[in-house]
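Here are the chains, one letter per residue:
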Amino acid sequence: MAYNIPERYQDLTPAPQLDKKTLNKMVWMSCFLQASFNYERMQAAGWLWGILPGLQKIHTNKEDLKASMAHNLDFLNTHPFLVTFVMGIVLSLEQNKAETSTIRSVRISAAGPLGGIGDAIFWLTLVPITAGLTANIAMEGNILGAALFLIIFNAVQFAVRYWLMHWSYNLGTKAVTMLTSNAKEFTRAASILGIFVVGGLIANYGTTSLRIYVGDPAINIQGLLDGVLPKLIPLAITLGIYTLIKKGWTPVKCILLILICGVVGCAFGIFAGDSKAMDADGNKIPGGYTPLVEWYELPAEE
Amino acid sequence: MEVNIIQALLVFIVAFIMGIDQFSFLESLYQPIVLCPIIGLILGEFNLGIVVGGAYQLIQIGSMPIGGAQPPNAILGGIMATVFAISLGMEATADGVGAAMGLAIPFAVFGQYAVTLTFTIMSGMMAKADECAANADVKGIRNINYMEMAILGVLFGVLAVAGLYGGSELGAKLKDFSFEYSWVMAGLDAAGGAMKFVGFAILMKVMMSAEMWGFLLAGFAMALICQANASIASATLLLCAFVGVAIAIYDFLMQTKIKNSAGSSVGGGSDGI
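Quick mapping for you: the protein sequence lines, in order, are chains H and G. Residue numbering for the first sequence follows the numbering used here, beginning at 1320 and increasing consecutively. Residue numbering for the second sequence follows the numbering used here, beginning at 30 and increasing consecutively.
Simulated from the structure, these hints should not be mistaken for laboratory data. Keep in mind that the hints are not guaranteed to be accurate.
Taking lysine-lysine pairs in the DSBU-like style, the calculated list, with each CA pair at most 35 Å apart, reads [what the hints assert, rightly or not]:
#1 H:K1385 with G:K157
#2 H:K1603 with G:K202
#3 G:K286 with H:K1493
#4 H:K1344 with H:K1381
#5 H:K1566 with G:K157
#6 G:K288 with H:K1385
#7 G:K202 with H:K1566
#8 G:K157 with H:K1340
Remember, it's a predicted structure, so these values are computed and weren't measured experimentally.
Using the sequences provided together with the hints, build the complete structure.
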């Protein structure tokens, strides 16, 4: 990366409190968290877009705004409906001009765990219940079902977004002033938490696995690897890419490498992948896909 | 079913908006219970659209976008299920519209391909985003976000209109195509799943130092242990954060204690940064 993100902001005087209007604007912008979702950094650019109104107010020094924008493009994946919680905390740190590495560690540590909580609240509880009830109304030919679904879902969504933003921002500003007197120690502690959570993310989101079977009777290589250490491949790839990035590879180069490895690997049936394709009778393809070069036999499913 | 140009245009606009709404904005307009009645209204069969929407929504409950997984796409699925129910003159009852769902599946799968492709292409745009940030280019960041929304919207609009005219014949063709080239899509799927490791590696570069390796492995181990236990697997990252917070607070207290006692013995009051 051409631009090196400084450890400290130039202007270290805490910025004035953000007003309600700016916070509310960011509540609205938080709806577009996933607008530029991608496989490399997931919600990063949408996140930055969402908190920019606040960052622009906080960092009146242009160099500081650059630094802040650059580090707010880190990998981020959190629950879209709970993101304002992370926003509030990060904004309170930015406002007090905490060190950039502290903000980065706190951000990923706060964002990671929210994914599971949000899925449990929204996709596994709220949607099944409201959709289940309203779908029955709809199947009787009544449009009231659709209207009720929209009203309930969005009322909950916006109440949560609004409340979390204001609550976590106030909480953050109170806590941050207490911690700034021990900034160096706080940065270290935040890094420990951050790196601990990244370790957890690798195991939690790492899905890359092998499809190959060899020998007779067929042995699943992935099964053997799982016996050594589950998620060994995600860990190995992460460490490999970490080494490449330390050597000066750009993220784009790493992504191209992964893309080539993925497609070539699947041409030979090495990696597990789901094409979601179906044969003429509507049956799924065994093993997720048919490799271009079939050099081993996939055992029939038990 | 006769489709005039205005109807086709309206379907394009609806698919464009829903293509965006599935990830951004309200994240609820695209649900079949809302989407199908709108398509029904455009094509002149409002009541049938409502019923198809309810029936499709019940199927959709079982396949929510949980944990980053992408189920077959509900938008093209919903649009095409409505189109088939109308063009085949199905009865507006829960049982009557059942067959429309099956015919719509090839389109739902293709909608998923459109999403996978967009997410892959936009990974390449992150370098551009870094550049915008380094120049404090606020508009540039906004435009990157607009760009993906536009790509998704147009892809979904085009696929929906193609489905509207192509009907079940196109569905069969799409099915053959995805069967023939399944390894390409599986390759994109596998590569897409591995790209997040680049994001993790960048984060590690920020926080990593020689003494941190143990914590990375500890977090990794903690998550593996949680995942192996079905009753706590869904709370994996939250539990990781709990343990991580305990370690971090302990380290913070120890470090400040060391600093304070070292400071008092030398007699200096500065914080030593």
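These are the hints, each one checked on the structure:
1. H:K1385 with G:K157: 14 Å, holds
2. H:K1603 with G:K202: OK: K1603 (chain H) and K202 (chain G) at ~16 Å, within 35 Å.
3. G:K286 with H:K1493: Distance ~22 Å between K286 (chain G) and K1493 (chain H) Cα, so the pair holds.
4. H:K1344 with H:K1381: Between K1344 (chain H) and K1381 (chain H) the Cα gap is close to 22 Å, so the pair holds against 35 Å.
5. H:K1566 with G:K157: 21 Å, holds
6. G:K288 with H:K1385: 33 Å, holds
7. G:K202 with H:K1566: 46 Å, violated
8. G:K157 with H:K1340: At roughly 30 Å apart (the allowed maximum being 35 Å), K1340 (chain H) and K157 (chain G) satisfy the hint.
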